[in-house]
Amino acid sequence: MKRRSKPRTVQLLELAHARSGDKGDTANIGLIAKRPRDYPLLVKQVTAARVARHFKGMIKGPVERFELPNLQALNFLLHGALDGGGTISLKTDAQGKVFSTALLRMTIEVKR
Amino acid sequence: MTTIPTPGELFGEFDGLLARGHQLANLDTGRPLRDVRDKVLSANAYLGAAPVVEALQKGAQVVITGRVTDTGLTLGPLMHTFGWSPEDWDKIAAGTVAGHIIECGAQCSGGNCLNDWKRVPDLARVGYPIVEARADGTFDLIKHPNTGGRIDVPGVTEQLVYEMGDPHTYITPDGVADFTTIRLKQAGKDRVQVSGVRGKPATDKLKVSIAYFYGYKAIGTLVYAWPDALAKAQAADRILRQRLQDLKLEFDAIHTEFVGANATHGPLAMKGLDADALPEVQLRVGVRSPDEARVDRFTREIAPLILNGPPSVTGFAGGRPKPEEIVAYWPALIDKTLVKPIVEIMDV
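Quick note, the sequences are listed as chains A and B, same order.
Residues 15 to 126, numbered by the numbering used here, are exactly what the first sequence covers, in order.
Residues 3 to 350, numbered by the numbering used here, are exactly what the second sequence covers, in order.
Rather than coming from a laboratory, the hints here were simulated on the basis of the structure.
These figures come from a predicted structure and were not determined experimentally.
Be a bit skeptical, because a hint or two may be false.
Derived lysine-lysine pairs resembling DSSO-like cross-links, with alpha carbons at most 27 Å apart [said to hold, decoys possible]:
1. LYS111(A) - LYS60(B)
2. LYS37(A) - LYS209(B)
3. LYS324(B) - LYS105(A)
4. LYS48(A) - LYS187(B)
5. LYS70(A) - LYS273(B)
6. LYS111(A) - LYS324(B)
7. LYS191(B) - LYS48(A)
8. LYS125(A) - LYS191(B)
All chains should be modelled from the sequences, with the hints used to inform the complete structure.
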């Protein structure tokens, strides 16, 4: 009899790469599956709500998500992420350049 | 021959525009421009590829522009060379995507590439990207042989999503590109083929980049060493904030970071952090205010922490931080009909 295997928890760093940037006070994160077959996992589990929870306390506004199946990528807009953004911001990461790797800290469940 | 499309300079036109009911509302906040009108320093509309094409058609060999979109600088020569119609929306979108990919130079040929970054070869001699374009709107990204860097599908994908908003509607003055239609293929070593790009008609607006004087900011830093580096930096931050409170110094914002612990990843980095193991932490505190005197007073509160605060502190040889002027950005939209680019041909 086949035993149902327990899902394994993995960090997004294992499954995806990413690049982020800014538009005013909004940071964007493009999350890209390393292997095309993992893209549906990202679509299912890395939801806008999940990303908003992940960045709780770091962003003031909502999170939007867009799908780019052609590139096996998701694009997230994190509003109110940059302390006003650009020259106004007092943050080291005023341009949101490293929100990308901050997202890769998130864990999701995968089947073994 | 050289040519100069005028830079969409709107500064002199401002009050007329506002008087005629153009709000120039901030695209991010919705605030009308009259809120900061007396602090405006400059205003420029972003022009598209059209004046670049006009200049090339008039025989220019070098085109010097004012504010033209990054993508327009790539799209213009493609429209000129292939005779693309400004209303052939798929071609316009394809040229726009080409421009977006190369607008940050080597950021699509191995620079700042997270994917497999350790194996990107020879970044000291990185090759800048080249668009090898075809009349049908497809193109290859390549770089010169014997240069460093790497052009591959994951790296180009990273650049495609960089500074991306809604991927279905990438808006430029020239048209609207749909990034969900882009197809990428590795067509050889350091060669990525791009095809399939679809576009939609341009909008009737141009983006205006307005700069205005916001006020002042200053950032003070001190470095605390092991043991208890983070705890010392946190104690110093509490003392500093108490001092500012006692001095009744209020700011639009006070922002503290502990560099080495939370400056880049915030609370996400503090989860499970072995703080005792940190060899050093930099305390970095910034303030901003319209009032220069307050910001200046803040800068005088950093040095006293060295002798009056937590121990094992260093990194202050640079002296007292200086208040800096903040020139802030105000994005707005304007009707295309209100901006008339002028192309001037010069013999040099």
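Evaluated hints:
Distance hint between LYS111(A) and LYS60(B) is unfulfilled; the C-alpha atoms sit about 41 Å from each other, more than 27 Å. A C-alpha spacing of about 13 Å is found between LYS37(A) and LYS209(B), which places the hinted pair at or below 27 Å, so the restraint holds. Annotation: proposed proximity of LYS324(B) to LYS105(A) holds, straight-line Cα distance about 17 Å (limit 27 Å). Among the hinted pairs, LYS48(A) with LYS187(B) is consistent with the structure: their alpha-carbon atoms are about 15 Å apart, no more than 27 Å.
Taken as a hint, the LYS70(A) and LYS273(B) pair is honoured in the structure, with Cα atoms around 13 Å apart against an allowance of 27 Å. About 25 Å separates the Cα atoms of LYS111(A) and LYS324(B), which keeps this hinted pair within 27 Å; it holds. A distance of roughly 19 Å separates the Cα atoms of LYS191(B) and LYS48(A); the hinted pair therefore holds under the 27 Å criterion. Between LYS125(A) and LYS191(B), the direct Cα distance comes to roughly 34 Å. Violation of the 27 Å bound is thereby established for this hinted pair.
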